[in-house]
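K.L.:
Kindly produce the complete structure, drawing on both the sequences and the hints.
Chains A and B are the protein sequences, given in the same order. Take 1 as the starting number for the first sequence in our numbering and just add one per residue. Take 1 as the starting number for the second sequence in our numbering and just add one per residue.
Treat the hints loosely; a few may be bogus.
[To be verified] Partial selection, computed: residues in chain B whose CB lies under 8 Å from chain A:
{"#": "1", "residue": "T48"}
{"#": "2", "residue": "G52"}
{"#": "3", "residue": "V55"}
{"#": "4", "residue": "F101"}
Just so you know, the hints here were simulated from the structure itself, not pulled from any lab data. Idealized CB from N, CA, C, for every residue including glycine.
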Amino acid sequence: NAGVTQTPKFRILKIGQSMTLQCTQDMNHNYMYWYRQDPGMGLKLIYYSVGAGITDKGEVPNGYNVSRSTTEDFPLRLELAAPSQTSVYFCASSRGQGASYGYTFGSGTRLTVV
Amino acid sequence: TQLLEQSPQFLSIQEGENLTVYCNSSSVFSSLQWYRQEPGEGPVLLVTVVTGGEVKKLKRLTFQFGDARKDSSLHITAAQPGDTGLYLCAGATGTASKLTFGTGTRLQVTL
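P.N.:
Below is the structure:
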């Protein structure tokens, strides 16, 4: 049981380049999330999805886009990368809405923009 | 924006000592979760507390949710090197179970 799989694990981008961070889960979870983690800053929500075809902005969505064409996949697109997007990105999934459902996280993608 | 403040930010203790980590907010949450994160990995769920005043125990870890559901604490008894990591509290709101994460407490337990 793989859980939540993120690729790539590491990436270096030049300013202005674009890339897609991949996230897939095999638990048939409806809810999926993208967070970024900066040193000493905790995790901040970028985008989330409550099911295939439905996405919504989180706290820090600027410079990012997402899509959710299937239950399993929730890719995060960075357009025109900027140094401020240097961070560790985590994808997570949850079974559904409700106080007792925790998140399952992927192992993260460490992105550096130079 | 809901904020969760954790204290202390850093904690370095010796094996066998006890410690408490605090998580405070001015907002009310429907539930409060605690995660532990190790270097190079994503956070892993430790516990969820739902009811105000609730206390949950997980071996040497004791979690408490404040009566008003605005704060929580994590107490570790007789800490071990395996407890080393980043501890994150996270409060859930009713919409899409979005979690607001705390700033984190980095714990190091040495022999």
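K.L.:
Next, verify each hint and record whether it holds.
P.N.:
Status of each hint after checking the structure:
{"no.": "1", "hint": "T48", "result": "holds (6 Å)"}
{"no.": "2", "hint": "G52", "result": "violated (12 Å)"}
{"no.": "3", "hint": "V55", "result": "violated (16 Å)"}
{"no.": "4", "hint": "F101", "result": "holds (4 Å)"}
In this structure, the hints that do not hold are numbers 2 and 3, in rising order.
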